[in-house]
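Asks: Going down the list, the sequences are from chains U and P. If you read the first sequence in this note's numbering, its first letter stands for residue 750, the second for the next number, and so on. If you read the second sequence in this note's numbering, its first letter stands for residue 750, the second for the next number, and so on.
It cannot be assumed that every hint is accurate.
Chain copies aren't distinguished; within one or between two, either way the pair holds.
Said to hold, decoys possible - Straight-line Cα separation of at most 27 angstroms, DSS-like style, residue types lysine-lysine; simulated pairs:
id, residue 1, residue 2
1, LYS938, LYS922
2, LYS1016, LYS1178
3, LYS1086, LYS1016
4, LYS808, LYS1090
5, LYS763, LYS1016
6, LYS922, LYS1090
7, LYS1148, LYS1016
8, LYS993, LYS959
9, LYS816, LYS1013
10, LYS1083, LYS1148
11, LYS1148, LYS993
12, LYS1090, LYS938
13, LYS928, LYS879
14, LYS1013, LYS1083
15, LYS922, LYS911
I should point out that these hints are in silico values taken from the structure, not numbers from a laboratory. This one's a predicted model, so the numbers in the text were calculated from it and none came from an experiment.
Number of protein chains: 2
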Amino acid sequence: VEEQNDKDLEILLKEYHHADIAEIIDDLDLDDAVYVIKLLDSETTSEILMELDEDIREKILRNLSTKEIAEEVEELDTDDAADMISELPEDRQAEVISQIEDDEHREEIQELLAYDEDTAGGLMAKELVKVYETWTVAGCLRRIRGQAKDVTRVHSVYVVDKNDKLIGRLSLKDLIISKSDTKIADIAKDNVDWVHVDDDVEDVAKIMAKYDLEAIPVVNDNQTLVGRITIDDIIDVIREEADKDYQLAAGISQDVEADDSILKLTKARLPWLFIGMFGGLGAASIIEQFNDNMGNFIVLLSFVPLIQATAGNVGVQSSAIVVQGIANGTIDGKILKRLFKEFLLGLVNGVAISLVAILITHFIFGTPYIVSITISIALVAVIVMAAIIGTFIPIFLDKRGIDPAVATGPFITTSNDVFGILIYFLIAKLILGI
Amino acid sequence: VEEQNDKDLEILLKEYHHADIAEIIDDLDLDDAVYVIKLLDSETTSEILMELDEDIREKILRNLSTKEIAEEVEELDTDDAADMISELPEDRQAEVISQIEDDEHREEIQELLAYDEDTAGGLMAKELVKVYETWTVAGCLRRIRGQAKDVTRVHSVYVVDKNDKLIGRLSLKDLIISKSDTKIADIAKDNVDWVHVDDDVEDVAKIMAKYDLEAIPVVNDNQTLVGRITIDDIIDVIREEADKDYQLAAGISQDVEADDSILKLTKARLPWLFIGMFGGLGAASIIEQFNDNMGNFIVLLSFVPLIQATAGNVGVQSSAIVVQGIANGTIDGKILKRLFKEFLLGLVNGVAISLVAILITHFIFGTPYIVSITISIALVAVIVMAAIIGTFIPIFLDKRGIDPAVATGPFITTSNDVFGILIYFLIAKLILGI
């Protein structure tokens, strides 16, 4: 394909949706990718660039002049434009901004760049359709024809007063089915949902999902309409959040993919392995404390993997349910009640597991009866402990304002490993006197 | 609040959005919830019911007559109506359907009930706005005013030929900004995306997210337009999918929440704990095979938790990245290349971990030099093995058409525990001759 046959290639690519071309470019090497981007017009390439993997986009932009980047930025909606610029090194950012020809577009992008990227302000676009309450339906439709050219998709029409304060909303459907001399103020719905520019994007996602909104207006401190957030951006937020929690639960720092370099993957994975390693070494030194070389000690030691696996599994199960409950907003404050429930749950699971364990170890493995009993009692205690730790830590972190998802995965497994083994040998010492 | 003061309560609740009322009802006991539902009119309660937790909705519906349920169903869009009916026991389903007064609504619901709930047909709604290619813009707007009353939100207007075959789409914006005598055929966009009724909902979600669609038309084998799927339903699909993967990774069967009963939670958690338990017992019997009561054997045993924790963590990391890559469609077929990369990655991580482990065990713990060396070599081998197993199993399952997410969590941890301990003692036997 890459035989530099410009015309054919251009015609071929014209047929595809920009999201498909982006997938093709993701797989090309850098030179070819830059070549294709330079070949196509900026209206197409700006959309393609936004669909690319962040790493690849960054590399391609490094090969474009600030002038060329400014041309791409001109074609993008303000929110995408601000995202693209914010990924550039600081010195190039100013250069690109100064080369944007459309004054209004430039000012809007600069406004958006001022917001934190995790806030509604950082996610919103300036493109929206707004009408004044004093207009009529006919006047409104006329003006919308003008405004709507800049807005890719019209979800809602926002109604503002003479000071640009948000006071209501209208759907295009409402406009179409109303008589043309109706006053906007009479058909506007005043129960409009909105978010503040400084609101956290995850909260915005929760509100939009809860009320099934496809777009939400954003206001500043004066209740002035400053932008809108659309559902496609929120889907990305939801996906990123889910991916992040999943990766944390698996002991991977966020933001890596299977195709990243070994160096990047190592950076994301090694820290968590060290946490596990220190836990393992901690367990080894606990075991050392109890070592008196008696016969039963080796039998007890051989069941350490059983204790450890159980403690780890229970801890992850408990913490995952709590973390998900917190993320979905279905968990409220009553810590003690929840810990008591986890205690009961641990007791039920613990008794079930230890009854089976006692049967298998004593009757199949031929483990001495007293050791089997010790293992079973320890299993109940360890399961209850792991369930309580797994529940308590995420709730505690959440109350302190820390993302509870960091408490899942290796963190909870490691602490439960160490505590579990300690409890196991303490119980063994009590019963067997080792 | 629940002093049966009907009028006050009704007025109070009128102020709230149905999603907020649903949250309140989720927290009420069953009698009060049924009382509130019976108090309000079916236009409000039908929306509230759809927002409730599935369990609670089921309980409330059990307390309503089929006549009352039919009234709720009348108010719902066809997709929600079909969902609500499908949750009823079989015998009540037919009764409710026969009591729906609106013939068209009843037939549409029956059509939707025939589709599998995991397909586009099971997710779509019959409510949509369609126009014929031969109409003019003016005629179109007139007809839309009629059709749009039944459609909560108009995303796109679908253009069909005289046989109801989907041939294009229009946005309301396009209609508004076109002259009134323009033929629909002239302004319709013919590059309309669509899905087939039998397509998997997860594929539909991928397509809609990739192309940033807010609604997608659904066609049958004849390319006839039979329904449409909107983005809010897709958000639920994405969330459920993410929740399911997360819970599988944590060793919880899907579909439980922190507030479920202890019995339900135990059912979801206990099977995975048994998997872990059998792994632990398997490890114990492996250890037994190597037991010869030598001095170094106890030292080796005390490092079993270290080996086990490391094998488990590496396995979960590897499998999580692969599972996520498969879910996002970023992983392709080259298994050997990927396994080789995991091998290198495991080698890098393994060497880093074991260098630190050798220093700590020998110089701080005073472990004999030869044992420290054994542990370190075993760590490298175990990490490489865990990385390869963690990568291979999800890819293998995916190729066989099994959801790779089941291979994460306790499944991968347990198999890596057992293999890890086996490798550890095999290496120890080779080096130390125990």
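Asks: Now look at each hint and say whether the structure bears it out.
Replies: Taking the hints in turn, this is what the structure says about them:
In this homomeric assembly, LYS938 and LYS922 come within 27 angstroms of each other (Cα to Cα) both inside a single copy, at 13 angstroms, and across copies, at 20 angstroms. In the homo-oligomer, the alpha carbons of LYS1016 and LYS1178 never lie at most 27 angstroms apart, since the shortest distance is 41 angstroms inside one protomer and 33 angstroms across protomers. Proximity of LYS1086 and LYS1016 under a CA criterion of 27 angstroms is satisfied inter-copy only: 21 angstroms between copies versus 39 angstroms inside one chain copy. Within a single copy, LYS808 and LYS1090 get their C-alpha atoms only as close as 52 angstroms, which misses the 27 angstroms cut-off; across copies the closest is 23 angstroms, which meets it.
Neither within a single protomer nor between protomers do LYS763 and LYS1016 lie at most 27 angstroms apart by alpha-carbon distance, with minima of 40 angstroms and 54 angstroms respectively. In the homo-oligomer, the alpha carbons of LYS922 and LYS1090 never lie at most 27 angstroms apart, since the shortest distance is 50 angstroms inside one protomer and 54 angstroms across protomers. Taking the shortest alpha-carbon separations for LYS1148 and LYS1016, neither the intra-copy value of 29 angstroms nor the inter-copy value of 29 angstroms comes in at or below 27 angstroms. Both within a single protomer and between protomers do LYS993 and LYS959 lie at most 27 angstroms apart by alpha-carbon distance, with minima of 21 angstroms and 20 angstroms respectively.
For the homomeric pair LYS816 and LYS1013, neither the shortest alpha-carbon distance inside one copy (31 angstroms) nor that between copies (61 angstroms) is at most 27 angstroms. Taking the shortest alpha-carbon separations for LYS1083 and LYS1148, only the intra-copy value of 12 angstroms comes in at or below 27 angstroms, while the best inter-copy value is 45 angstroms. Taking the closest pair of Cα atoms, LYS1148 and LYS993 come within 27 angstroms of each other both inside a single copy (20 angstroms) and across two copies (26 angstroms). In the homo-oligomer, the alpha carbons of LYS1090 and LYS938 never lie at most 27 angstroms apart, since the shortest distance is 45 angstroms inside one protomer and 57 angstroms across protomers.
For the identical chains of this complex, LYS928 and LYS879 are neighbours both inside a copy (19 angstroms) and across copies (22 angstroms), given an alpha-carbon limit of 27 angstroms. For the homomeric pair LYS1013 and LYS1083, the shortest alpha-carbon distance between copies (21 angstroms) is at most 27 angstroms, but the shortest distance inside one copy (41 angstroms) is not. In the homo-oligomer, the alpha carbons of LYS922 and LYS911 lie at most 27 angstroms apart both inside one protomer (24 angstroms) and across protomers (25 angstroms), since each shortest distance falls under that limit.
Checked against the numbered hints above, the structure violates hints 2, 5, 6, 7, 9 and 12; every other hint is satisfied.
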